[in-house]
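There are 2 protein chains.
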Amino acid sequence: MIQFIPSNEGVSILFNQELIIKHHHSHPSFYVGNGNDHIESYRGNYKIDDYIESRIPLESYKIDDHKITFYHHEIELILLFKEIDGRLIVQLQSNQVFNRFWMRLYATPEEKVYGCGEQASYFNLRHRNYPLWTSEPGVGRDKNSLTTFYADLNDKAGGDYYTTYYPEPTFVSTRKYWIHLDTFAYADFNFKNDSFHELHLWEIPNQIILSIKPTYLELITDLTDYTKRPPKLPDFLTDGMILGVQGGLEQVLKYLKQAQNAGVKVSGLWCQDWAGHNYTSFGKRLYWNWVLNEKVYPNLKEEIRKLDQQNVAFLTYICPFLLENETLFNEAAQNNYLAFNKEGFIYKVDFGEFDCGIVDLTNPDAYNWYKNIIKTNIIDLGIKGWMADFGEYLPVDCILHNGKDAKLMHNEWPVLWAKCNYEAVQESNKLGEIFYFMRAGAHGSQHYATSLWAGDQSVNWETHDGIASVIPSALSTGIIGNPFTHSDIGGYTSLYGNIRTKELFERWCEMNVFTSYMRTHEGNRPSTNFQFYNDDDTLALMARMTNIRVDLKPYIISLIQEATQLGYSVQRPIFIHYESCSQAYDIQYAYMFGSEMLVQPIVQPYQNVQEVYLPDDEWVHLWTGDIYTGNQSIIVKAPIGFPPVFYRKLGKYRSLFEEITKKYKL
Amino acid sequence: MIQFIPSNEGVSILFNQELIIKHHHSHPSFYVGNGNDHIESYRGNYKIDDYIESRIPLESYKIDDHKITFYHHEIELILLFKEIDGRLIVQLQSNQVFNRFWMRLYATPEEKVYGCGEQASYFNLRHRNYPLWTSEPGVGRDKNSLTTFYADLNDKAGGDYYTTYYPEPTFVSTRKYWIHLDTFAYADFNFKNDSFHELHLWEIPNQIILSIKPTYLELITDLTDYTKRPPKLPDFLTDGMILGVQGGLEQVLKYLKQAQNAGVKVSGLWCQDWAGHNYTSFGKRLYWNWVLNEKVYPNLKEEIRKLDQQNVAFLTYICPFLLENETLFNEAAQNNYLAFNKEGFIYKVDFGEFDCGIVDLTNPDAYNWYKNIIKTNIIDLGIKGWMADFGEYLPVDCILHNGKDAKLMHNEWPVLWAKCNYEAVQESNKLGEIFYFMRAGAHGSQHYATSLWAGDQSVNWETHDGIASVIPSALSTGIIGNPFTHSDIGGYTSLYGNIRTKELFERWCEMNVFTSYMRTHEGNRPSTNFQFYNDDDTLALMARMTNIRVDLKPYIISLIQEATQLGYSVQRPIFIHYESCSQAYDIQYAYMFGSEMLVQPIVQPYQNVQEVYLPDDEWVHLWTGDIYTGNQSIIVKAPIGFPPVFYRKLGKYRSLFEEITKKYKL
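Residue numbers (our numbering), protein chains in the order written: chain A, 1 to 666; chain B, 1 to 666.
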């Protein structure tokens, strides 16, 4: 129910009895204006300077049935309020052109908000502002860390608490509403104020959608009804882990054998170098021409068939960039499938010692061509999954086929890229059997990205870019409808003296049992970082953890089902199941793995015990069977292989979990 | 002559044929609005967040005789144009209250601007913006330096290219005008745009003053006619150097004797520890109760008389803060002479392991009391000079006697402090005989600060905070009317691994011969940094350089006279004497020492030759007598003791300089 309550010089707008907008002549809720931005980009890192030339408060208003016009003299912003499917839809229209827009959503001081895409530093977004712009998240992501200092100095790549692959103008409030602003423009959502959230956009959005539900679970289901949910993950992902290895067929089959001999349950081999290698000073990189390299992976189709027989999937890699002067680039260039620069030539993106063209996904012919490349070059080989990399690099000064400003397409690009992959799988009738994982995201990724991964963490313990950061990442994307995410076991980025240790790899491995799926990565500099295949101990740990994973299969399958049916993410904030537990709302390094398990991974080195806050329930420690009453913090031992995990004593998977305790106890 | 030239939807405002304001309906020249600022301070370092809530373009205008009203519907900004003393005076008034103001001054792409107070990173301000707010300038002042990284991390004290002790909304343009905005409010002057300078203030200024002259020399004289000029420096400052030493009377007299025995011409002993010591983790600091410590300096009045007989002045130190629970603090507290906090208690400022009260200089009784402290506790002892330290620390949340918002008083504080010192000297009839040196400044420092010093440089070679940085500092304060400045020989701040070397000290010493006066400083950590009194070689160099200084006396005295009569600073940008030399406008690490000498100090380590650009003239190398034709770059040898210095071959001091060449030649 929409209500307008005019007051002395103001108006309150309520939806289902909740105050949404509180406008007053002297504290307006809407502003329009113009700004000049200056965007510098360097390999996916952006320096954005905005200069606001005007910001006009729309202090006056008039009501006309379901329409409110906020205005300042001749400048009008018309808001049309509708209720559709139980949600509030506000359509906006202005009688003049503006490139800046601000709105103030009513807020309470104690309110918390979550979402806005993937947020790796802070799950609760309150008391900070969040520029929403897809980019490299940065190395270190903490201006107080030396890692970030050097990354900024050398590559402008240090990042900050808000830099993210996946920004989205969608969030969930503890006032039990979700809101989505229908735009892909640059945004800056400011949650610093006690009495309002100020939502700033570089365009007036077409519409705003808001929905209120009595519980968080209903809220998430409603939000994912709106965004649409992804297909289920393939079953094989619960049958073991994916080994991220490379070096050619012979080499990867050796790794497989080695792992299997050590008792590791392997459900996939992810060989990103299927198209060959490229060596740069950053490390060993891929050959960006997405065609099977027969020298490196000879007879692959047949080999994949053989692997299938032992239930090992073969996975690979693709991204929307094409290496200059190679076959795909040349074909695309001939057909005008690549984005242009302002001078009318093919736009070349510098990836560090090599240049690439950009497949123009706004060109339907290019889009279909690339979709077919995915089908013919990947799916037809029997490949079951891939990393669909990048999405966050669209240069703001390139010229696109659809004629839209690349600056306004920049944030939409990841979802176009997701959709291209989705349709390739869909048209091959393989949804639910084939999957891919993406780091970049946008509104729509909920449906079109079959899963996410948290990107390129530093191979260390730093809060904002190390092992811990993947947990808030999972919670924030999860709460706005992305149920499936995971992270590189061991992290990825080894720069500025950060070298992956055995301990880090092992902690990451044990944590990822309790995520959507398990996959390792060799990192950007494989030879100087810890690798599981050089360590029998670690192989033994991987055997232990994958066996646990397989034993959990019935439970995990139920979580995947729940995700596709109700939108609940596999990793969830504790408070969505324990709404009355006030402490749970600020927990960002522990989570529910489904409704039945609580996990608080070890994310610091040299730590063998962990303090865990248990919400109000009866809990059983997975590795000892010890029973704890919740609503208190307890301390448990947590040597490697025994991450702090608890299950609900009275839940329906109790007997499954009891079996695990018996088999794997501390 | 003031001209308004209306055009289609716009108006051009000219003064003496120069276009000053180019207003158009779609590109307005004036904006008003409101903002919410949030200022965090930590020991003189400020983090200023501003949130612009409204910015209204005043797109319309109407002309009424000498008045132009720029307006937006009912919002009016009335500008009254007058010509007084050949200058343009614009008085501003608004019919509504706003706390934010923007104006766009017409600019040309090739124009350069200089001034805005003391700017240590860039002399030409074009292509950057300059927040104008008095503060600690920071340690390193370069976000790409490790020094700054650690200073930020540990003390929020890294600074940036614009952080300065002395900001002023006054600048000189190469379009040969100077402009001053009559305000002490926070400002941000943005010189990034090709066609306008955007001047942003946190209040609407009462008036704007602008003056145009045919030459830079006339421009500077006119500006300093407006600001008023300082009294002359005492003659003794040209009779040798001031030794910055401490440790008590016996100790400093030993240093004096040691230096004199080595042949150093000493004209003063600067003993900042006259009131005693305070040891903190930052280093050896002063006892902030400005009363002679008789234990440390026994019988000082008589000792000063004895020093006077050998023409050695005694110098000391004071600042506007009083150490908690000490005699001056208690006296001030009893009389309500200290600033209050919002709770009505005495405002305590944390200086790192000790707290102080702030003498409320807006309270006439407090002001006069403190002026008398300077007279009785300092001048009456026969002291000839002092460091009048601080001025940039006024907390924005303190409550002042005059009832003004401390945020708006913050930038004015340095000039109040300067005036207090000035009047103490003036009322003692000692102007021109007694002097003091200040780092903080504001509009009015030109008259009330008898001299400046460049503050606390790092004891190293870093561009933005090391030895080099004092040159743009001198040029920028100089061009807006502060003729006398100098710097600590050897620098001050030794933190984060920066330790003063002998080479740095010696290069700084030889440079400062060619500044207003020479003074050493032991730095914040005397015992771990290089000190001249531990090195006979360096004493010999100081002997050489001070003897040169004394031999230059007739020339230097003429520069001091010129400064007080015409406003020309002792250190000047090359272009003010060589207007047609286009290359000179971007030189910031070389300068004219008066009209007759060009100096380009060595500001890098291990450097024994220097490339020097000589403007179009005939030049003689001071150390060899070699003659060079200008309008070219030449290379000279520059071992220690022989900084690159040239004099005009045809100038009137030629014979004096020739004598120096003979006596001190390379």
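These aren't lab readings, by the way, just hints derived from the structure by calculation. Remember, predicted model here, so these are calculated numbers, not experimental data. Treat the hints with care, since some could be wrong.
Take a look, some chain B residues computed to stay more than 10 Å from chain A by CB distance [as the list claims (entries may be wrong)]:
(1) S54
(2) L153
(3) I557
With a straight-line Cα cutoff of 30 Å, these simulated DSSO-like cross-link-like pairs (lysine-lysine) come out [unchecked claim]:
(4) B:K112 with A:K47
(5) A:K156 with B:K371
(6) A:K192 with B:K404
(7) A:K419 with A:K407
(8) B:K47 with A:K192
(9) B:K637 with A:K143
(10) A:K228 with A:K47
(11) B:K348 with A:K47
(12) A:K112 with B:K663
(13) A:K342 with B:K143
(14) B:K371 with B:K156
(15) B:K348 with A:K192
(16) B:K228 with A:K143
(17) B:K371 with B:K404
(18) B:K430 with A:K404
(19) A:K156 with B:K404
(20) A:K192 with B:K663
(21) B:K407 with A:K192
(22) A:K375 with A:K404
(23) A:K156 with B:K143
(24) B:K192 with B:K342
(25) B:K430 with A:K47
(26) A:K407 with B:K192
(27) B:K663 with A:K143
(28) B:K257 with B:K663
(29) B:K348 with A:K407
A virtual CB, placed ideally from N, CA and C, is assigned to each residue, including glycine.
Consistency of the hints with the structure:
The non-interface label for S54 (chain B) is inconsistent with chain A: the shortest C-beta to C-beta separation is roughly 5 Å, within 10 Å. Non-interface call for L153 (chain B) relative to chain A: violated, since the shortest CB-CB distance, roughly 5 Å, does not exceed 10 Å. Separation of I557 (chain B) from chain A is adequate, the least Cβ-Cβ distance of about 48 Å exceeding the 10 Å criterion. At roughly 26 Å between alpha-carbon atoms, K112 (chain B) and K47 (chain A) fall within 30 Å of each other, so this suggested pair holds.
Restraint check for K156 (chain A) and K371 (chain B): not satisfied, since their Cα atoms lie roughly 51 Å apart, outside the 30 Å limit. For the given pair, K192 (chain A) sits about 28 Å from K404 (chain B) by alpha-carbon distance, which is consistent with the 30 Å threshold. Only pairs whose Cα atoms come within 30 Å are accepted, and K419 (chain A) paired with K407 (chain A) is accepted, the gap being roughly 20 Å. For the hint linking K47 (chain B) to K192 (chain A), the alpha-carbon distance of about 16 Å falls within 30 Å, and the restraint holds.
Between K637 (chain B) and K143 (chain A) the CA atoms are separated by roughly 43 Å; this puts the pair beyond 30 Å, and the hint is violated. Only pairs whose Cα atoms come within 30 Å are accepted, and K228 (chain A) paired with K47 (chain A) is rejected, the gap being roughly 33 Å. Distance check on the hinted pair: K348 (chain B) and K47 (chain A) sit about 39 Å apart at the alpha-carbon level, beyond 30 Å; violated. At roughly 77 Å between alpha-carbon atoms, K112 (chain A) and K663 (chain B) are farther apart than 30 Å, so this suggested pair is violated.
At roughly 33 Å between alpha-carbon atoms, K342 (chain A) and K143 (chain B) are farther apart than 30 Å, so this suggested pair is violated. Taking the CA atoms of K371 (chain B) and K156 (chain B), the gap is about 33 Å. The hint is violated against a cut of 30 Å. At most 30 Å may separate the alpha-carbon atoms for a hinted pair to count; K348 (chain B) and K192 (chain A) meet this at roughly 29 Å. Between K228 (chain B) and K143 (chain A) the alpha-carbon distance is near 45 Å, which puts this suggested pair outside the 30 Å criterion.
This hinted pair checks out: K371 (chain B) and K404 (chain B) have alpha carbons roughly 22 Å apart, not beyond 30 Å. A distance of roughly 72 Å separates the Cα atoms of K430 (chain B) and K404 (chain A); the hinted pair therefore is violated under the 30 Å criterion. For a cut-off of 30 Å, the pair hint linking K156 (chain A) to K404 (chain B) is broken: about 43 Å separates their Cα positions. Simply put, K192 (chain A) and K663 (chain B) have alpha-carbon atoms about 68 Å apart, too far for the 30 Å limit, and the pair is violated.
Only pairs whose Cα atoms come within 30 Å are accepted, and K407 (chain B) paired with K192 (chain A) is accepted, the gap being roughly 22 Å. Between K375 (chain A) and K404 (chain A) the CA atoms are separated by roughly 28 Å; this keeps the pair inside 30 Å, and the hint holds. For a cut-off of 30 Å, the pair hint linking K156 (chain A) to K143 (chain B) stands: about 12 Å separates their Cα positions. With a C-alpha separation of about 39 Å, the suggested pair K192 (chain B) and K342 (chain B) falls outside the 30 Å cut-off, and the hint is violated.
Simply put, K430 (chain B) and K47 (chain A) have alpha-carbon atoms about 55 Å apart, too far for the 30 Å limit, and the pair is violated. Annotation: proposed proximity of K407 (chain A) to K192 (chain B) holds, straight-line Cα distance about 22 Å (limit 30 Å). Among the hinted pairs, K663 (chain B) with K143 (chain A) is inconsistent with the structure: their alpha-carbon atoms are about 55 Å apart, more than 30 Å. Under the criterion of a C-alpha separation no larger than 30 Å, the hint pairing K257 (chain B) with K663 (chain B) is consistent with the structure, at around 25 Å.
Under the criterion of a C-alpha separation no larger than 30 Å, the hint pairing K348 (chain B) with K407 (chain A) is inconsistent with the structure, at around 50 Å.
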